[in-house]
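Enquirer: Letter by letter, the chains look like this.
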Amino acid sequence: MTPSFSPLSRLLHWLMAVLILAMLVIGIAMVSSLGHYRGLVAIHRPLGILILILAAIRLINRQFNPPPALPRAMPKLLQAAAQASHWVLYGLMFALPLVGWAMLSAAGNPIVLAGAWHLPPILAQNVALYAVLRPAHTVLAFCFFAVILTHLAAALLHALIFRDGVFASMTVRRSHSS
Amino acid sequence: MPSPFEPPPIDPPPSGRYDLRVLLTRRGMAAGAVIGGVVVAMVAGFAWAGGFLTPGRLDQTRLIAGFEAANGAHPGFRRNHAKGVCLSGWFDSNGAAAALSKAQVFRPGRVAVFGRFALAGGMPRTADKPATVRSMALNFTLPDGEIWRSGMNDIPVFPVRDARGFYEQLVAATPDPKTGKPDPAALQAFLKRHPESVKATALIKAAPFSSGFADARYNGLDAFFFVNKAGVKTPVRWAMVPVDAFAPAAKTAPEDKNFLFAALTKRLAAGPAQWHLIITVGKPGDPTNDATLPWPADRQTIDAGVLTVAAVEAEAAGNCRDTNFDPTMLPAGIQPSDDPLLSARSAAYSVSFTRRAGEPKTPSAYQPPHGA
Ligand code: HEM
Ligand code: HEM
Ligand code: HEM
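Each protein sequence line maps, in turn, to chains A and B.
With the working numbering, the residue at position 118 of the first sequence is 118, and numbering never jumps.
With the working numbering, the residue at position 258 of the second sequence is 258, and numbering never jumps.
If you only want the chain B side, here are some residues facing chain A, beta carbon under 8 Å, derived: (1) 17; (2) 336; (3) 343; (4) 354.
Worth flagging that the hints you see were computed from the coordinates, not collected in a lab.
We treat Cβ as the ideally placed atom computed from N, Cα and C, and that holds for glycine.
Can you make the complete structure from the sequences, with help from the hints?
Expert: What follows is the structure, encoded as structure tokens:
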């Protein structure tokens with residue numbers, strides 16, 4: 001059976017899974033809500049930056065707690081697909097908040113996290129660039145959602161069909177089987 | 001009890017474990033249905049949250065489409081308050097509002113300001129008229145990098161209470177393709193459904209328009225909360241009250257299509273124009289969620305300082321043209337109220353800003369002479 005991810009890796013994985021799914025829902029909801037827009041955007045910005053910070057912590061943690069090897073029996077192609085999809089997920093965990101931050105910078109908008117606490121712009125004001133980054137944020141978010149759904153379907157495939165311990169490596173295992 | 005996800009370790013032959021033909025077995029189909037169900041449920045939830053399942057709903061995209069239908073397409077320009085000019089100057093705070101708000105802008109001292117004078121309405125080449133609603137939008141950049149933006153109009157109250165009212169008014173004012181004119185019956189029907197707009201419009205009509213930009217009083221209209229160091233929240237409304245003496249608007253429009261803007265440029269050539277930032281302090285019970293209602297006239301006011309507008313310049317890359325004067329961009333010490341217009345404005349301005357940001361630009365109708 002596949003050994004487990006470290007407890008910290010699992011904590012980060014599930015905490016971020018909840019936060020990222022919440023961010024996707026908040027993002028998609030706010031751009032079609034006149035009444036809740038302001039309140040949701042005010043949550044969206046700091047939560048997005050929190051995800052950026054957690055993603056950095058997670059990547060560092062991965063060096064100290066490398067993921068367990070996938071089952072040897074798993075076909076090489078499937079293993080490669082799993083690993084590639086994980087890197088795509090990491091890429092998006094960084095890309096979405098960075099594009100969000102960059103687009104507000106290019107718009108010349110304040111990037112308020114809470115109260116007086118705000119971030120400096122990471123780009124000079126340039127609305128033509130904003131006009132590219134803003135739809136990029138949307139496209140990346142939809143890609144993120146699609147990749148997460150695939151990832152989730154694959155995880156359930158491991159749990160329900162392959163029954164190879166990969167799902168349990170990210171969840172909790174009954175004590176005697178580890 | 002065995003966990004549903006961790007079967008007893010009866011290892012099938014390794015080659016068979018990853019054989020997807022298992023999906024054709026009963027167990028495989030049941031699992032496939034569970035996985036498919038989870039994915040479909042998540043997609044449906046996402047689509048629901050994004051409003052894709054309720055396409056008729058009034059959201060910011062539809063609201064902005066309403067402006068575009070009413071005014072026609074004017075790429076590169078604001079969907080409302082389309083005709084304008086950039087202003088620059090500074091604000092000298094006297095410290096009088098610091099007791100009510102901890103915002104840095106209210107400590108004694110000077111902060112740089114840029115902004116925009118504009119005419120309400122979505123036509124960037126419309127002719128100035130004596131009774132066109134005028135606006136002042138401002139950006140204050142505070143010493144710690146915080147930003148305060150405000151958009152104010154020279155009317156005493158706002159004609160509609162919420163985005164729905166604004167949209168219905170827009171639709172009623174949209175020219176009928178057959179006659180080229182709005183249908184008067186539609187406007188009547190709108191007013192019948194919105195008695196608050198009838199009352200507000202009467203107040204707006206009763207307030208005389210000033211002769212120009214420099215002698216106009218610009219009202220924030222929406223209510224906000226000031227929050228001081230002790231955390232006390234006070235409902236407020238604000239206004240920029242001109243130092244220039246009020247002169248009534250002309251009865252008929254002069255020849256020059258840009259006469260209001262030209263007069264402003266001429267006025268500034270004679271020296272800076274100034275406004276006092278007057279804070280009206282609300283009392284418990286004063287409506288903070290309805291910009292169609294005035295507050296009682298006897299409310300305490302605070303003169304927080306003086307805005308000086310030194311110059312105007314044409315809209316161009318990187319200046320007020322490329323700024324979104326979203327009234328919810330506030331520093332610590334000022335908070336939005338429960339006025340539904342605030343969230344709606346923030347949402348709609350974002351769509352308007354995003355669209356115009358990506359569109360080709362043409363020079364604005366009014367170009368102040370150089371050195372103005
Ligand atoms: C927002 C969503 C999610 C993201 C961004 C995400 C990201 C990742 C990443 C990057 C990995 C690789 C291990 C690592 O470096 O941490 C991973 C592993 C894993 N995830 Fe997720 N995940 C998400 C949601 C989910 C969900 C909803 C499930 C289950 C239903 C799940 C189940 C798993 C499992 C079982 C593994 C272990 C795979 C292995 O051993 O290689 N994940 N996830
Ligand atoms: C994991 C991180 C993030 C995710 C998953 C995410 C997701 C989304 C989604 C789904 C939308 C709606 C897109 C649309 O349908 O047009 C959106 C919009 C937006 N996001 Fe993010 N976002 C993230 C991070 C950020 C960050 C860090 C910021 C800013 C600091 C930000 C600022 C915005 C803004 C300003 C909008 C659009 C508001 C508008 O145009 O009216 N996002 N985001
Ligand atoms: C739901 C109600 C409202 C809607 C839908 C609406 C819509 C708009 C739109 C689409 C713009 C152009 C934004 C841009 O592209 O940057 C705009 C500008 C503006 N609005 Fe509103 N507005 C509303 C209420 C108000 C209220 C209550 C006020 C006054 C206090 C106001 C004052 C202004 C001003 C001053 C500008 C011009 C800002 C500038 O010069 O850039 N609006 N409005």
